[in-house]
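Let the hints inform the model, and build the full structure from the sequences given.
Numbering (my numbering), first residue to last: 17 to 600.
Some clues are possibly wrong.
[Said to hold, decoys possible] With a Cα cut of at most 25 Å, we get these calculated SDA-like pairs of lysine to any residue: (1) Lys304 / Thr284; (2) Lys178 / Arg239; (3) Lys293 / Gly313; (4) Lys171 / Gln138; (5) Lys171 / Thr150; (6) Lys303 / Arg255; (7) Lys171 / Leu125; (8) Lys171 / Tyr80; (9) Lys258 / Arg271; (10) Lys171 / Arg148; (11) Lys258 / Glu241; (12) Lys293 / Arg275; (13) Lys293 / Ser266; (14) Lys277 / Glu241; (15) Lys171 / Ala130; (16) Lys258 / Met291; (17) Lys186 / Pro154; (18) Lys277 / Asn299; (19) Lys306 / Leu317; (20) Lys277 / Ala244; (21) Lys186 / Glu151; (22) Lys293 / Ile240; (23) Lys49 / Arg75; (24) Lys258 / Thr284; (25) Lys293 / Cys257.
To be clear, the hints were calculated from the coordinates, so they are not data collected in a lab.
For clarity, every value in this text was computed on a predicted model and none was experimentally measured.
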Amino acid sequence: MSHRATEQEKDVPLTAHKTSGSQTEGQAILCPKCQTRNPPDLSICRQCGATLLPGRRIRDRIGYLIGGVTAAVLLLGSAWLFARMEMADALPPICASPQHMAFAALVCLGSGLAFALGRTPQYEKYLQRAQRHTEASPDQALADFSRALQLAPDKEKADVLKQRGALHLKLGHREAALADLSVYAASPYAHKGAEALTSVLGIEMEDAAKAMSSAERSIQQLRIELTAQGVLVATGYCRRCKDAVRLDGSSYCPRCGRRIKQLVYVNTHQVEAQMTKWRDEANARRKKRKIVLIVAGVSLLACALCAGISIWSARTKERPEATASVGTGAVRTPTTATTGHAEPSAPTSPPPPSPTPTAPPTATPLPDAVVSVEALNLRTGPGTAYERVGLLREGEVLEVVARSEAGDWLVVTTTEGVEGWVSASYVTLGIPVQNIPLATEVPPLPTPSGPTPTPLPPVDAEIAKIAGGDHGEISQPGEVGGIAAGGEAEVTIVNDTPYELTILAGSPNSVTVTIEACTSCKVYSFVGPVFCSKEGRMQVSVRLKPGTFQVAARVNDPGVIPFLGIWELKGDTSYFNCFYIVRR
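Next up, the structure:
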C-alpha cells in the first residue's frame with residue numbers, strides 16, 4: 017500500500033476499515049494454475065479458464081461428510097449402550113437421555129451432508145482467495161477481505177475482521193488494524209463457538225478466554241501507541257462534573273480526578289462530534305430519569321389517594337349502621353309523633369289516631385348474631401340442662417329475639433326458622449346484650465324423673481385401641497375402644513385414676529381433633545394435630561374446667577377409626593389431652 021493511501025486512512029472514522037475502490041481496481045489476480053495476471057473483476061482466468069474464486073475443495077467436503085457420519089454413528093451407539101445399561105442417570109447434563117444423544121447424532125449427520133453437498137457461499141470464496149494472497153499479494157488480500165466482509169452474514173463478519181486486522185497489523189497499518197480489531201472485539205459473535213460450548217457444557221473454555229484477553233491486550237496497546245502519537249484521542253463522560261471530557265493518556269477526569277469507566281477513542285477531527293454525542297446522551301438520560309421519577313411519584317400518590325378513599329368509605333359505612341342499631345327505638349317514636357301531627361287538615365275535627373303507630377317496642381328488628389365458635393348447641397332453654405335441638409356452625413347468622421335476665425343466654429331463630437336458646441358468650445352481636453329485650457317466658461327446667469337410661473358400654477383401658485401402634489390394634493372395622501362408632505360415654509378423670517388422655521406432638525399418623533365445647537361450661541376449644549405413635553414425642557395437654565364436651569377425630573392413618581363421643585370431666589384439676597386414654 018502506498019504512503020498516500022496510508023495518510024488517507026487516518027481520516028477514516030474508527031469503524032471497520034474499508035479499502036478504497038482505486039486500490040481494488042489497480043490490483044491483478046494471479047491465476048493459481050497458469051500464473052497469469054488477471055483483472056480483479058474476473059472470476060475465471062482468461063488464459064486457462066481456471067476459476068479465480070476458489071470454493072470448497074473435494075477433500076474438504078469428503079472430510080466433513082466422513083466426520084458427520086462418524087459422529088452420528090458414535091452418538092447413536094452410545095445412546096443404544098446407555099439405554100441398554102440403564103445408565104441415563106449417570107450421564108452429564110448435555111447427554112441427559114439417550115433421546116438427546118440420538119437427536120445430536122441426527123444434527124451431526126445433517127451438518128456433514130449440508131457442508132459436503134452444499135454450494136460454497138460467495139463471501140467464503142473471496143475469503144479463501146484472500147488467505148491465499150496474504151503472502152504473495154497483501155494488497156489484493158486486503159481487497160478480497162473487504163469484499164468478503166461486504167458479502168458475509170453478520171455472524172461471520174467477526175472472523176473476517178480478525179483476519180483483516182491481523183494483516184493490517186503485519187503490514188504496519190496500525191490505525192486500520194485498531195479499527196478492525198476494535199469492531200471484532202465488540203462483536204457479539206466473537207469466540208461464538210467457545211462461548212456456546214461453555215454455556216452448554218458449563219465448563220470454562222480456556223482457549224476462548226486466552227484469545228479474548230490477547231485480542232484486548234493488542235487493541236489496548238495499539239490505542240496507547242496511537243494516542244501517544246496524537247492520532248487518536250480518548251473521550252468520556254464524567255458523572256461528577258456532568259460534562260464530556262477529553263483524556264490525555266489516562267482514564268481519570270482531568271478536572272476532578274474521578275475515574276472514567278467508559279472510554280471512546282476517536283480521530284482528532286472527530287473529538288468535538290464525540291463530545292457533543294456524550295452530552296446529548298447525558299441529557300437524554302436525565303430526561304428519562306425525570307420522567308421515571310414523575311411517573312413513580314404520580315403512581316404512589318394515586319395509590320395513597322385510593323387507600324385513603326377506601327378507608328374513609330369503610331368508616332362512613334360503619335357509622336350509620338352503628339347509629340341505626342343503637343337508636344332504632346328512639347327513631348321510631350319521633351316518626352310516630354310526626355305522623356300524628358301531619359294527619360289533620362282541619363283544626364275543628366282532628367282524625368282519631370291510627371293503631372299502627374302504637375306498636376310495642378319489641379317489634380323493633382334487632383341486629384343479627386353470628387356464631388363465633390366452630391360448633392354451638394341450640395337448646396330449648398337457657399342452660400345446658402335443657403334438651404339440645406340443633407347444632408350451629410361457625411359463621412352462621414341468627415336472628416335475635418330476646419335474652420335471659422342475666423344476659424348470658426339469647427333466644428334466636430335460625431335461617432331455617434328453628435327457634436331456640438344459645439349462649440351469648442359464643443356469638444358476636446352488634447350492640448350490648450343489655451339493649452336486647454327480656455324474654456317474656458322461660459321454659460321450665462326438665463325434671464330428672466324418667467326411665468332409667470340404658471347403661472353405656474364401659475370405657476376402660478380398651479379405649480387405648482383408638483391410638484393403634486404401641487397401644488393395641490383395632491380388631492374389627494367400626495370398633496372404637498369398646499364404644500360403638502357415634503355412641504356416647506361418660507368418662508370421669510381425676511388425678512388419682514389410672515387413665516389419662518394424651519396428645520403426642522410429632523408424626524406419623526396425624527389426626528385432627530375438633531372439640532365442641534359445652535356452652536355452659538366456659539371451657540376452651542382445641543383444634544390441632546394429634547399423633548398416634550408415642551416414642552420420642554412431646555406430650556401436649558389442654559387444661560379444661562369440668563364440664564361436658566364432644567370430641568370428633570378425623571384420622572389420616574387408614575388403620576385408625578375416628579372416635580365420636582361425648583366426654584364429661586369432673587374435678588377441678590382435670591386435664592383433657594384429647595383423643596385417647598392410656599394407663600399411667
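Hint check results:
1. Lys304 / Thr284: Violated. Lys304 to Thr284 sits at ~31 Å, over the 25 Å cutoff.
2. Lys178 / Arg239: 17 Å, holds
3. Lys293 / Gly313: Violated, because 30 Å separates the two Cα atoms, which is more than 25 Å.
4. Lys171 / Gln138: 15 Å, holds
5. Lys171 / Thr150: 23 Å, holds
6. Lys303 / Arg255: Holds. Lys303 to Arg255 sits at ~15 Å (cutoff 25 Å).
7. Lys171 / Leu125: Distance of about 23 Å is within 25 Å: holds.
8. Lys171 / Tyr80: 21 Å, holds
9. Lys258 / Arg271: Distance of about 11 Å is within 25 Å: holds.
10. Lys171 / Arg148: 23 Å, holds
11. Lys258 / Glu241: Between Lys258 and Glu241 the Cα gap is close to 29 Å, so the pair fails against 25 Å, i.e. violated.
12. Lys293 / Arg275: 20 Å, holds
13. Lys293 / Ser266: 21 Å, holds
14. Lys277 / Glu241: 20 Å, holds
15. Lys171 / Ala130: Roughly 18 Å separates the two Cα atoms, so the pair holds.
16. Lys258 / Met291: Cα-Cα ~12 Å, so holds.
17. Lys186 / Pro154: 10 Å, holds
18. Lys277 / Asn299: Between Lys277 and Asn299 the Cα gap is close to 18 Å, so the pair holds against 25 Å.
19. Lys306 / Leu317: Distance of about 16 Å is within 25 Å: holds.
20. Lys277 / Ala244: 20 Å, holds
21. Lys186 / Glu151: Measuring from Cα to Cα gives roughly 11 Å; hence the hint holds.
22. Lys293 / Ile240: 23 Å, holds
23. Lys49 / Arg75: With a Cα-Cα distance of about 18 Å, the restraint between Lys49 and Arg75 holds, given a limit of 25 Å.
24. Lys258 / Thr284: 23 Å, holds
25. Lys293 / Cys257: Between Lys293 and Cys257 the Cα gap is close to 16 Å, so the pair holds against 25 Å.
The structure does not agree with the numbered hints 1, 3, 11 stated previously, though it agrees with the rest.
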